[in-house]
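Just so you know, the sequences run in chain order A, B, C and D.
Note that the UniProt record's numbering has the first sequence beginning at 1, numbered continuously upward.
Note that the UniProt record's numbering has the second sequence beginning at 1, numbered continuously upward.
Note that the UniProt record's numbering has the third sequence beginning at 1, numbered continuously upward.
Note that the UniProt record's numbering has the fourth sequence beginning at 1, numbered continuously upward.
Hints in this document: simulated from the structure, not taken from any laboratory.
Any given hint might turn out to be false.
Here are the simulated SDA-like pairs of lysine to any residue, each with C-alpha atoms no more than 25 Å apart in a straight line [said to hold, decoys possible]: (1) A/Lys145 x A/Ile176; (2) D/Lys253 x B/Asn4; (3) D/Lys3 x C/Asp41; (4) C/Lys3 x D/Glu43.
There are 4 protein chains.
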Amino acid sequence: MTKNTATLLVTCPDQKGIVAGIADFLYRNGANILHADQHQDAENNLFLMRVEWDLNGSAIQPDNFAERFDEIATRFDMTWQLKLSQKRPRLAIMVSQYDHCLADLLHRHQSGELACDIPVIISNHRDTERLANFYGIPFHHIEVKKDQKAEAEAAQFALFDSLDIDLIVLARYMQILSPEFVKRYPERIINIHHSFLPAFIGARPYHRAFERGVKLIGATSHYVTEVLDEGPIIEQDIDRISHRDQVEDLIQKGRDLERIVLSRAVRWHIENRILLYANKTVIFD
Amino acid sequence: MTKNTATLLVTCPDQKGIVAGIADFLYRNGANILHADQHQDAENNLFLMRVEWDLNGSAIQPDNFAERFDEIATRFDMTWQLKLSQKRPRLAIMVSQYDHCLADLLHRHQSGELACDIPVIISNHRDTERLANFYGIPFHHIEVKKDQKAEAEAAQFALFDSLDIDLIVLARYMQILSPEFVKRYPERIINIHHSFLPAFIGARPYHRAFERGVKLIGATSHYVTEVLDEGPIIEQDIDRISHRDQVEDLIQKGRDLERIVLSRAVRWHIENRILLYANKTVIFD
Amino acid sequence: MTKNTATLLVTCPDQKGIVAGIADFLYRNGANILHADQHQDAENNLFLMRVEWDLNGSAIQPDNFAERFDEIATRFDMTWQLKLSQKRPRLAIMVSQYDHCLADLLHRHQSGELACDIPVIISNHRDTERLANFYGIPFHHIEVKKDQKAEAEAAQFALFDSLDIDLIVLARYMQILSPEFVKRYPERIINIHHSFLPAFIGARPYHRAFERGVKLIGATSHYVTEVLDEGPIIEQDIDRISHRDQVEDLIQKGRDLERIVLSRAVRWHIENRILLYANKTVIFD
Amino acid sequence: MTKNTATLLVTCPDQKGIVAGIADFLYRNGANILHADQHQDAENNLFLMRVEWDLNGSAIQPDNFAERFDEIATRFDMTWQLKLSQKRPRLAIMVSQYDHCLADLLHRHQSGELACDIPVIISNHRDTERLANFYGIPFHHIEVKKDQKAEAEAAQFALFDSLDIDLIVLARYMQILSPEFVKRYPERIINIHHSFLPAFIGARPYHRAFERGVKLIGATSHYVTEVLDEGPIIEQDIDRISHRDQVEDLIQKGRDLERIVLSRAVRWHIENRILLYANKTVIFD
Chain A
1 MTKNTATLLV TCPDQKGIVA GIADFLYRNG ANILHADQHQ DAENNLFLMR VEWDLNGSAI
61 QPDNFAERFD EIATRFDMTW QLKLSQKRPR LAIMVSQYDH CLADLLHRHQ SGELACDIPV
121 IISNHRDTER LANFYGIPFH HIEVKKDQKA EAEAAQFALF DSLDIDLIVL ARYMQILSPE
181 FVKRYPERII NIHHSFLPAF IGARPYHRAF ERGVKLIGAT SHYVTEVLDE GPIIEQDIDR
241 ISHRDQVEDL IQKGRDLERI VLSRAVRWHI ENRILLYANK TVIFD
Chain B
1 MTKNTATLLV TCPDQKGIVA GIADFLYRNG ANILHADQHQ DAENNLFLMR VEWDLNGSAI
61 QPDNFAERFD EIATRFDMTW QLKLSQKRPR LAIMVSQYDH CLADLLHRHQ SGELACDIPV
121 IISNHRDTER LANFYGIPFH HIEVKKDQKA EAEAAQFALF DSLDIDLIVL ARYMQILSPE
181 FVKRYPERII NIHHSFLPAF IGARPYHRAF ERGVKLIGAT SHYVTEVLDE GPIIEQDIDR
241 ISHRDQVEDL IQKGRDLERI VLSRAVRWHI ENRILLYANK TVIFD
Chain C
1 MTKNTATLLV TCPDQKGIVA GIADFLYRNG ANILHADQHQ DAENNLFLMR VEWDLNGSAI
61 QPDNFAERFD EIATRFDMTW QLKLSQKRPR LAIMVSQYDH CLADLLHRHQ SGELACDIPV
121 IISNHRDTER LANFYGIPFH HIEVKKDQKA EAEAAQFALF DSLDIDLIVL ARYMQILSPE
181 FVKRYPERII NIHHSFLPAF IGARPYHRAF ERGVKLIGAT SHYVTEVLDE GPIIEQDIDR
241 ISHRDQVEDL IQKGRDLERI VLSRAVRWHI ENRILLYANK TVIFD
Chain D
1 MTKNTATLLV TCPDQKGIVA GIADFLYRNG ANILHADQHQ DAENNLFLMR VEWDLNGSAI
61 QPDNFAERFD EIATRFDMTW QLKLSQKRPR LAIMVSQYDH CLADLLHRHQ SGELACDIPV
121 IISNHRDTER LANFYGIPFH HIEVKKDQKA EAEAAQFALF DSLDIDLIVL ARYMQILSPE
181 FVKRYPERII NIHHSFLPAF IGARPYHRAF ERGVKLIGAT SHYVTEVLDE GPIIEQDIDR
241 ISHRDQVEDL IQKGRDLERI VLSRAVRWHI ENRILLYANK TVIFD
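Please work from the sequences and hints to get the whole structure.
Have a look at this one:
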């Protein structure tokens, strides 16, 4: 029952004939299209598309796609990626002490909501080790000592390399990554921030939301870029609060937001639904 | 600045090559695609598509479209409609005494949110006549006397015919239409029901919601079919209530839902975003 | 840091002087009120109140409350309950094979969100035994064979009795309880139904929601009464769906609703925030 | 059917006996309490209360309240206000060219949702004059010329004075008020800002939301203080957007948010449900 599909993600300058070109290519190669969605950004003259087809019975296969598609890609000046459902993305989850996002991701993974492998959980604490064990995920404790972040990150990089990690999920990992870390994994690190960005960038957003007297709290999942909390937003959601809610209530309500907003982002990334441009995300249906 | 586009809505059995066929047709005819969205229903083996292109500079024009498209339509056994942005749909709004949905629609129409003409407002009361006048819309009072619904509807049909009405919007029109009325305007009557259907079908839904002690109230816009409140749902939304809310509060909160849920349905219909099948709606982006 | 408070829940016919009577009683006895909330139902001439005070430094204590409060209770014809924060309610969770609500409740319990004890998890399957063990909760497998429901329920009752159970939570327990079961635990069984009741009462609500083409799905937590899915509603919430969502998507999205809607109901019950009348709930702030 | 009630709003240092004192006072004076709600802020040691009673049949009347209540007010060091349902607050609405919030407020006023008088609409443009006339509200055009804001505000103050204005509603009034204006009407000016503050303070929030690529847009109603967009927040709400939404779509969706968020704030203010402290609002039920 595991599906066997290919997903093509395309970005190129907008012009006439792109859809015809791609659709005709797939048709000539006997591909049965399962989903297709596209977006045109008139202001930036950009065309973006996601198309998924059944590899069973299709003449285009992973090993001949690049060669066959080259003519079209060149004609339209495309940037493209081909993703295969049977090559499951490999996630590393990084976490500190709060375990609610981690527990949520692991439960979803176990239920089959997240079609990925999770070869490692890395934490600067040992609090979540038992949870990782319960779900059968290898746990690595990498302490982050003051002034020794570089050493810690080197150990993390070694793990990512040896495990062939595709995506790093910061599931309430309370450390700021170095610029080197961020540069090393462009568009491959997803973070959950506990505010509706761009409100309350930085530390202690629930405390500042409480101070400001807002009536809504939020959470934001985004790709990590070099500027803190300024990366492309993938998903946001909010919950209503009132004057009765103290900081602790905000934190408790926020946990539900964080779980849901992070898990959606991870799922969409895994399902190859996200394209990035102009520091924004396109989320394909 | 009024746009000059054509929108093609297609339904056909799903098979390979449909997108390629349509896209290639548009490309060969020099059409600049502005939006395209499609949906496949695997269970029903159906393919549905909406594609909109700029008529300026395109070789396919309203008067030659059918002829040119015929070969593709036949090949794929398509049901299709072509809609032109410059042929604005003509709405009749029917209303009784509650004027909140009417006032909302008229204000949106005036602001340019609804790209339609409204040649007539019909009511079985005179309460909304002044409002209609303010917005410059002709108002017709057609009384619906007991046992004389057929006469009233005959007068309504005459108006619809003479005014070339495309869509009938029941903006809290508190009369049940006869089966003849409904049959005469298939997929062309939109109603707002003040509950989240299928809960509270029929009369006095707010009172029954209050009785049942629900924590959410809702509103549903749908196409009218012969079975009361069973037509294809276009849009729904809800608001939260509490034990403090009395029936009057439900009614008041509900007005905001009704306004928004009805106006979205009308706008999507006008923008040719809706396709119907299996008593359901597909709402294209 | 565990609080030591008493919560008084009062229902009585509405009349002048009730608040003055209660407030004066608490003041004379040196009670420091932490929270107070009240509700008046004019239609039913009912007064309902929840008041919580600090037992530390208060002259009224659990053992003398009834005697001292008797005069006021009698004067106003009150029905009242006194709940103590240090006597944590004891929950039995019943579950079948779907474990998402159970995993959610156990994680919240562990995080301190739910101030209760959970001395037992009962299931008619063994699927959740490992999860129960992980969280250190005793697991009892009680098979429910066809035509032997009475025997199974007798075993359940024995467990509830021996464990002094206060509240039974049906966390997707896919069995219908017998009338005897329901009668035995009035206002003490909370169920999660996977629709926005009263829509889709009964079996397979997601399938029927999909069939009907609704644009919102919901979940409802309620007290179980003898009529299926007709008990007092505690909480409801919804999520938006589109024509792209298949039944499996509804089920997946619904899991998040079920988790949140059930956990809120359980928390409010545990925090003694709920009063019942006229088959409705009052949820005190 | 117009009600005849008094509403007492109280703020004082928290201590034992306050509720007993107020409740006993009302009881001794034969007042029938219709609604009571209170809030305690432990951190700031503050007690806040709203209590509404029926003046019919009560011994405490507007003209003897201050004298009779003085002993209690003094004992507990209270700040208090007494509001009478039959003295309807008098609103001035200020608006520029966008008329959606104005049209919404006027329609709600006419439907009886807003229990206030609106003796004047002031605008720096003439666009909304016809709408004001339709609803029978006097319209004053006060131009705000560059470098002549003081003159314009003087004319506005004269109107407010002569009309005995209680509350000034900025219904998308695109001018920044002078510090003198703000100081003159403390806690008596309500503004609608078209973002979920504190995100996108200042000009062009929809454009900046679009630039940032947020997935939610919002609106915030707040009291105006001397620092732009930093006043106490009364209400906020959001709507979901996607990559398909252009700035114009954000503006259109935002209009619905602005209408609802502003009208709620105005209604709560009129119903004397709002108390202010620490630059925050308490919204009583």
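Pair hint outcome, D/Lys253 versus B/Asn4 [Cα-Cα no greater than 25 Å] | Holds, because 24 Å separates the two Cα atoms, which is no more than 25 Å.
Has the given pair, D/Lys3 with C/Asp41, been kept, meaning a C-alpha gap of at most 25 Å?
-> Given that 25 Å is the threshold and the Cα spacing comes to 17 Å, the pair holds.
Hinted pair A/Lys145 and A/Ile176, Cα distance within 25 Å | The hint holds at about 13 Å.
Under the criterion that the straight-line Cα-Cα distance not exceed 25 Å, is the pair C/Lys3, D/Glu43 satisfied?
-> holds (17 Å)
Violated hints: none; the structure is consistent with every hint.
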